[in-house]
Amino acid sequence: MTDCPHCTDERAAGAAFCESCGRPLATGAPLDVGTDCGACGSAGSVATDGYCDNCGMLAGRPRDHAEADAGPVAAAVTDRGVRHRRNEDAMWLAVRGTEVDVVVCDGVSSSADPEVASGTAAEAAGKALALETGVAAAVRAAAEAVAALAGTGDPRRAASNPACTIVAARVREGEIEYGWVGDSRAYWVPIGAERAEQLTEDDSWATHVIAMGADPQAAWNNPQAHAITAWLGADFGVVEPRTGTLRPEAPGVLVLCSDGLWNYYTEPAAFAEVVLASVRENADLVSAARALVALAVEAGGADNITVALIPIV
Amino acid sequence: MAYTAEAFQNEFLALGATEVNAIVTVTSSGAEGGRRTGASEIIIVDCSGSMQAEGRMPAARQAAKAAVGCIDDGVHFAIVAGVSTAQQLYPAPGELAVSTPETRAQAIGAIDRLQASGGTAIGAWLKLAHQLLAQRPGDIKHAILLTDGENGEYKGYLESVLQEIGGSFTCDCRGVGTNWTVPELRKVANALLGTVDIVARPEDLTASFTQMMTAAMGKTSGDVQLRIWTPVNARVRFVKQVEPQVTDLTGKRVEDGPRTGRYPLGAWGAESRDYHVCVDVPAGVAGDEMLAARVSVVEGETVLTQSLVRAVWTEDSALSTRINRQVAHYTGQAELAEAIQAGIEARKSGDDRTATVKFGRAAQLAHESGNRATEELLATVVEIEDAATGTVRLRRKVDAADEMALDTRSTKTVRVGRAQ
Ligand SMILES: [Zn+2]
Ligand SMILES: [Zn+2]
Numbered sequence: 001m002t003d004c005p006h007c008t009d010e011r012a013a014g015a016a017f018c019e020s021c022g023r024p025l026a027t028g029a030p031l032d033v034g035t036d037c038g039a040c041g042s043a044g045s046v047a048t049d050g051y052c053d054n055c056g057m058l059a060g061r062p063r064d065h066a067e068a069d070a071g072p073v074a075a076a077v078t079d080r081g082v083r084h085r086r087n088e089d090a091m092w093l094a095v096r097g098t099e100v101d102v103v104v105c106d107g108v109s110s111s112a113d114p115e116v117a118s119g120t121a122a123e124a125a126g127k128a129l130a131l132e133t134g135v136a137a138a139v140r141a142a143a144e145a146v147a148a149l150a151g152t153g154d155p156r157r158a159a160s161n162p163a164c165t166i167v168a169a170r171v172r173e174g175e176i177e178y179g180w181v182g183d184s185r186a187y188w189v190p191i192g193a194e195r196a197e198q199l200t201e202d203d204s205w206a207t208h209v210i211a212m213g214a215d216p217q218a219a220w221n222n223p224q225a226h227a228i229t230a231w232l233g234a235d236f237g238v239v240e241p242r243t244g245t246l247r248p249e250a251p252g253v254l255v256l257c258s259d260g261l262w263n264y265y266t267e268p269a270a271f272a273e274v275v276l277a278s279v280r281e282n283a284d285l286v287s288a289a290r291a292l293v294a295l296a297v298e299a300g301g302a303d304n305i306t307v308a309l310i311p312i313v
Numbered sequence: 001m002a003y004t005a006e007a008f009q010n011e012f013l014a015l016g017a018t019e020v021n022a023i024v025t026v027t028s029s030g031a032e033g034g035r036r037t038g039a040s041e042i043i044i045v046d047c048s049g050s051m052q053a054e055g056r057m058p059a060a061r062q063a064a065k066a067a068v069g070c071i072d073d074g075v076h077f078a079i080v081a082g083v084s085t086a087q088q089l090y091p092a093p094g095e096l097a098v099s100t101p102e103t104r105a106q107a108i109g110a111i112d113r114l115q116a117s118g119g120t121a122i123g124a125w126l127k128l129a130h131q132l133l134a135q136r137p138g139d140i141k142h143a144i145l146l147t148d149g150e151n152g153e154y155k156g157y158l159e160s161v162l163q164e165i166g167g168s169f170t171c172d173c174r175g176v177g178t179n180w181t182v183p184e185l186r187k188v189a190n191a192l193l194g195t196v197d198i199v200a201r202p203e204d205l206t207a208s209f210t211q212m213m214t215a216a217m218g219k220t221s222g223d224v225q226l227r228i229w230t231p232v233n234a235r236v237r238f239v240k241q242v243e244p245q246v247t248d249l250t251g252k253r254v255e256d257g258p259r260t261g262r263y264p265l266g267a268w269g270a271e272s273r274d275y276h277v278c279v280d281v282p283a284g285v286a287g288d289e290m291l292a293a294r295v296s297v298v299e300g301e302t303v304l305t306q307s308l309v310r311a312v313w314t315e316d317s318a319l320s321t322r323i324n325r326q327v328a329h330y331t332g333q334a335e336l337a338e339a340i341q342a343g344i345e346a347r348k349s350g351d352d353r354t355a356t357v358k359f360g361r362a363a364q365l366a367h368e369s370g371n372r373a374t375e376e377l378l379a380t381v382v383e384i385e386d387a388a389t390g391t392v393r394l395r396r397k398v399d400a401a402d403e404m405a406l407d408t409r410s411t412k413t414v415r416v417g418r419a420q
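Keeping their order, the protein sequence lines are chains A and B. Just so you know, we're using our numbering here: the first sequence kicks off at 1 and counts up by one. Just so you know, we're using our numbering here: the second sequence kicks off at 1 and counts up by one.
These aren't lab readings, by the way, just hints derived from the structure by calculation. Glycine included, every Cβ here is placed at the ideal spot set by N, Cα and C. One thing to keep in mind: the hints can contain errors.
Said to hold, decoys possible - Sample of chain B residues lacking proximity to chain A, with all beta carbon distances greater than 10 Å (derived): (1) L15; (2) P91; (3) Q131; (4) R136; (5) E159; (6) G167; (7) V182; (8) T230; (9) D256; (10) D280; (11) G284; (12) A292; (13) G370; (14) K412.
Claimed, not checked - With beta-carbon atoms standing in for the labels, derived distance ranges: (15) B:A283 to A:G41: 13 to 21 Å; (16) A:G41 to B:T250: 27 to 35 Å; (17) B:A17 to A:H226: 24 to 32 Å; (18) A:A211 to B:T260: 36 to 44 Å; (19) B:I323 to A:A218: 52 to 60 Å; (20) A:A283 to B:A17: 57 to 65 Å; (21) A:N282 to B:E315: 31 to 39 Å; (22) B:E315 to A:A218: 49 to 57 Å; (23) B:E255 to A:L131: 56 to 64 Å; (24) B:F238 to A:G71: 53 to 61 Å; (25) B:G332 to A:G34: 37 to 45 Å; (26) A:A269 to B:A283: 39 to 47 Å.
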């Protein structure tokens, strides 16, 4: 077993990822200084700040695409997509035997340093999940960590504080406990089912007005459909995460994802079909997650895309 | 010595756009443990015959004495008497004195001997100052130049001297009275990275000299430079200091390795200055992110701090049309200085129509940006009827000193949001 290149903490037996920093061991590592430039072809021209010393083009950020592969237990993939210039989603995945801690966060683009918010939230929640104090406590820990960002670093953060969504889950002995703030989602997709079960309920304008009786079609077509009504960030105040538990009776796949994926599959039937097809048609779990991300990219990649797959047998 | 540099910009560009603008704020906390290197000072006092008028000579003597009194112990210094040639008044010709209470007292005694007789030879005076300062490589080098008239040397001589010695020391220039010319002293100050100002009344010379010498004694680094890297096929369109005053540094570029140039910033103490960097880059495609410039503050080979200027191309016009306040503000401040100088030139050549337009624009810009000091100076030359629309009328009778004050101080800027 190799040591995590990102931190020196010891990992529990059976963990596929560094439990401390949550980064995958194999991929998503920072670009090596001195690699060749993909834009102009200059040899060894990538400088320490990630830009080519000849043509100035950004060689790429480690977060642009990252994968976490826990073999058959879990997998997660995050990607910048097409339209966004950086990946403001963040994820955390830690496994211990069949126990899984997983977090997906999506930075609010209009806030200052959204990628810092999501990264901070994912890490804080991930570390809190390992303390076995439950999902609500983990989301609150993330909320505190994100709120604290407003008072640090760039003064612009105080004016427009970093903010993000969160969905987190822990799997213990076949039971799923989940919690969320915002519109990143958790789904339960039973094997062979025709419809996916959306476990979370978006904190979004559309969900809110549909609950009030508005026509769903019209609500989702409204320009402010995706405006979120709850988030992690200093300007939101005290966060009361919503939580739930599920003890599946039949095998299926727990999916956590950002809106960069579910936006292309808003129908529960379409979501179930694409998830089950990906799991079925790919040799392993991480390839299935990668395939789902690729579909969202092909569909336009209008947002950052993050998806985590945790099969439960 | 703690330096910081921060770039303010809208990094988003529309597809096809190639111009990248950023304001880089450089701040130094000053030395923690006092001056690291030595310092040397030259005081040049115009002793031409015209200095006899209006009690200028006694006032200049008093001011020079006050400046000598401000020189810290251990600083090397000399006094130059400016006549048709340059004459060293103190210490012995070709030497620099080391400042002690005794040498300062001797210098003050020597200043009492200054008499007004002779011509104005600014080129020769600066050349002597340069020769004296050249004995102290590594020192923070500074000179004060006082004159009351136009240069009397043959045409082109001053320019050739500035060409030769430009950047080798900092020179703050002051014109007393109204018989000197602003463009001439501005040329000297620009070449030597110093300031220029009018001291209309001789009795204000002492305060002016004290202020210059105190500021000089507060400098902790002698030769700070901006080092700018740009990518292949890119070009630095301009580099301007924009705060506390506008100075174009573009022409002072010295090549420094591949795609890199250095621009001299002069001496630094505990202070903050803003620079406007404008770079033309090759156009990128949607989603491309390019480093348009890597801006470093350096002293010799030591990089004190660094800041990145970026370009990101986007189809989202909401992003690319976003106006950066700092860039917009300082673009306006630079235009303000240009409008004033163009207005003064037009008025001198009798083109009242152009002068009115230029001063009108200047009044508008000064008002919008909250530059109250410049707005007040403008009001001495034109009647500002409506600053918001730039409606002004030329004043029939303008005091020469007021117009020269407006001219010399036209480059003084304010920071965003200040005085608003
Ligand atoms: Zn390149
Ligand atoms: Zn998203």
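Handout entry: C-beta pair B:I323, A:A218: status relative to the range 52 to 60 Å that was hinted
Key = violated (36 Å)
Exercise for the section: Look at the Cβ atoms of B:E255 and A:L131 and judge whether their distance stays inside 56 to 64 Å. Expected result: holds (58 Å)
Exercise for the section: Beyond 10 Å from every chain A Cβ: check whether that's true for B:D280. Expected result: holds (12 Å)
Handout entry: B:F238 versus A:G71 beta-carbon gap, inside 53 to 61 Å or not
Key = holds (58 Å)
Practice task
Could you let me know if the closest chain A CB is still more than 10 Å away from the CB of B:G370?
Solution key: holds (20 Å)
Practice task
Verify that the Cβ of B:V182 lies farther than 10 Å from every Cβ atom of chain A, and report whether the claim holds or is violated.
Solution key: holds (39 Å)
Problem - Beta-carbon spacing of B:E315 to A:A218 - inside the hinted bounds 49 to 57 Å or not - result: violated (28 Å)
Practice task
Evaluate the condition: distance from the CB of B:Q131 to the nearest CB of chain A exceeds 10 Å.
Solution key: Check passes; 42 Å lies beyond 10 Å.
Exercise for the section: Examine each Cβ of chain A, and state whether all of them lie more than 10 Å from the Cβ of B:G284. Expected result: At roughly 8 Å from the nearest Cβ of chain A, B:G284 sits no farther out than 10 Å, so the non-interface label is violated.
Handout entry: Cβ separation of A:A211 and B:T260, checked against the hinted range 36 to 44 Å
Key = Given a distance of about 60 Å, which is not inside 36 to 44 Å, the answer is violated.
Practice task
Can you let me know if the beta-carbon spacing of A:N282 and B:E315 is within 31 to 39 Å?
Solution key: The hint (31 to 39 Å, Cβ to Cβ) holds, given that A:N282 and B:E315 are roughly 33 Å apart.
Practice task
Determine whether the Cβ-Cβ distance between A:A269 and B:A283 falls within the hinted range of 39 to 47 Å.
Solution key: holds (44 Å)
Taken one by one, the earlier hints fail for this structure at numbers 8, 11, 12, 18, 19, 20 and 22, listed in ascending order.
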